[in-house]
Each structure stands twice: as structure tokens, then as C-alpha cells.
Amino acid sequence: GENVEQHPSTLSVQEGDSAVIKCTYSDSASNYFPWYKQELGKRPQLIIDIRSNVGEKKDQRIAVTLNKTAKHFSLHITETQPEDSAVYFCAPNNAGNMLTFGGGTRLMVKP
Amino acid sequence: NAGVMQNPRHLVRRRGQEARLRCSPMKGHSHVYWYRQLPEEGLKFMVYLQKENIIDESGMPKERFSAEFPKEGPSILRIQQVVRGDSAAYFCASSRGQFNQPQHFGDGTRLSIL
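Those protein sequence lines, which keep their order, are chains Z and X.
In my numbering, each number is its position in the first sequence, counted from 1, plus 19.
In my numbering, each number is its position in the second sequence, counted from 1, plus 57.
No lab work stands behind these hints, which were simulated from the structure alone.
Be aware that one or more of the hints could be misleading.
Straight-line C-alpha distance at most 16 Å; calculated EDC-like pairs for lysine to aspartate or glutamate [unchecked claim]:
hint, chain 1, residue 1, chain 2, residue 2
1, Z, Lys129, Z, Asp103
2, Z, Lys87, Z, Asp46
3, Z, Lys61, X, Asp164
4, Z, Lys87, Z, Asp103
5, Z, Lys61, X, Glu97
6, X, Lys108, X, Glu129
7, X, Lys101, Z, Glu21
8, Z, Lys129, Z, Glu102
9, Z, Lys61, X, Glu129
10, Z, Lys129, Z, Glu98
11, X, Lys101, Z, Glu24
Beta-carbon label-pair distances, calculated as ranges [stated by the list, open to error]:
hint, chain 1, residue 1, chain 2, residue 2, range
12, Z, Glu58, X, Arg153, 39 to 49 Å
13, Z, Pro130, X, Phe156, 40 to 50 Å
14, Z, Asn22, X, Pro65, 28 to 38 Å
15, X, Glu75, Z, Glu34, 42 to 52 Å
All residues carry an ideal CB built from backbone N, CA and C; glycine is no exception.
Only chain Z is shown next, with the shape it has when bound in the complex (with noise of 0.2 Å):
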């Protein structure tokens, strides 16, 4: 089955700074890859995702970017603000449709 591992597992970052989070998965079979934002108590929040004919795309201030070869794709957040605290969790689909869930990442945004 698939193995989806993401770094780091908790970040702190200062408001307006960047944070960047990465998930490696193992399936070569992969072919759409989400990000969900997760509020204590809440349920996952669909955030950005990615298909495997792209790179990179982007909404405001929150992108993704994909390897396909090197298997790993990469949540990044610029000018975090405090409401971007939560736990983020990569998702891979592999071709049975099913979400594989990363441990998930636990940003806090230092006001």
C-alpha cells in the first residue's frame, strides 16, 4: 500500500514569514494530490490540490508543487497569518481513489 510521510511534523513560524511543508509518498501510481487544513475539533478543509500533468499551481497565498519523479509534493504558505494555525495533512490518491493520509504537520503562526 501507499507510505505518505510528511515534514516537518510541527513548524512555528512568525507572522508574514513563509512556511513549507512536504509530503513523500510511494505509490508511482499517485496521480492527484490534495492538501487539507484541519482546525482542532473540525473537519479536514480542502485547501489546494494538484494533478499529476502539473507542476505547480497556485491560489493567492497558497501553492503546490509536484515531483513526480523524486515522488514528494510541497505545501507552501506565504505571509502566514495567525488564522493559518491548524494541522495540515497531504492526501495522495492513488488509482483505487482512495485518500492516503499524511501524520499531518501542526503549523502555529506566532502573532
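Fit chain X to the known structure of chain Z by using the hints.
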């Protein structure tokens, strides 16, 4: 445009009882997925269903757990003879289609076993 609806939000059961969790997908979505989340962990896939069909149940425990998505009504995740280890948040997601379609999650059911 209602999102994925799950109920109940919180469910308390005593050991040995049955738990029934319900999920109604987003309008226009016909694919439903169930995931389980233990505290401080990521979500783990359990089962993938379409109307009247189980597509993939590779993440379901072999005993006590079952899922259905009938022609009419919500998808049901059923846990029989619950044990303390079943305590978790159970999330349902839905998608419009099968291939590389975004999955949107409901608010989850927090199951507590006394």
C-alpha cells in the same frame, strides 16, 4: 448548497452496544468514503461506496464493522458490539466522480465508548 451532512455529531455508547453513523453526500455527489481519525493522528481510509455498491472496503476491520449506501437515503456505517478501541472521530467524504475528483468532508461523528 448543503455540504456533506453527518449525524449524529456526538454519539456515546456502552461497550457491547451498536453504533450507527449516517452520512448524506453533497448534492450531485454519488461517491461516498468513510475515514476514521484517532486523536493526534491522520485519517485512515475505511470504505468507499457508490449507490448500492461497495467499491473498496480494504480499510474496514474484518469483524463488527459494515457499511452501506442504499438506493434511497444516507450511507450508514454500522459498528456492532462496540469496544473502547472504537472511540474515534468518523468522517465521511463525498465526491462527484471516481477519478481524481476532490473529496469534501462532513463535520464527523465523535464516537465515545464508556
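Right, here's what the structure says about each hint:
1. Z:Lys129 x Z:Asp103: holds, 10 Å
2. Z:Lys87 x Z:Asp46: holds, 10 Å
3. Z:Lys61 x X:Asp164: Holds, at about 6 Å.
4. Z:Lys87 x Z:Asp103: Violated: Lys87 (chain Z) and Asp103 (chain Z) sit about 27 Å apart, past 16 Å.
5. Z:Lys61 x X:Glu97: Satisfied, since the Cα-Cα distance of roughly 13 Å is no more than 16 Å.
6. X:Lys108 x X:Glu129: Answer holds: Lys108 (chain X) to Glu129 (chain X) is near 8 Å, not above 16 Å.
7. X:Lys101 x Z:Glu21: Holds, at roughly 12 Å.
8. Z:Lys129 x Z:Glu102: The given pair, whose Cα atoms are some 10 Å apart, holds under the 16 Å limit.
9. Z:Lys61 x X:Glu129: Roughly 28 Å separates the two Cα atoms, so the pair is violated.
10. Z:Lys129 x Z:Glu98: holds, 12 Å
11. X:Lys101 x Z:Glu24: Holds, at roughly 14 Å.
12. Z:Glu58 x X:Arg153: 39 to 49 Å: violated, 25 Å
13. Z:Pro130 x X:Phe156: 40 to 50 Å: Holds: the Cβ-Cβ distance is about 42 Å, inside 40 to 50 Å.
14. Z:Asn22 x X:Pro65: 28 to 38 Å: holds, 34 Å
15. X:Glu75 x Z:Glu34: 42 to 52 Å: Taking Cβ atoms as reference, Glu75 (chain X) and Glu34 (chain Z) lie about 48 Å apart, which means the hint holds.
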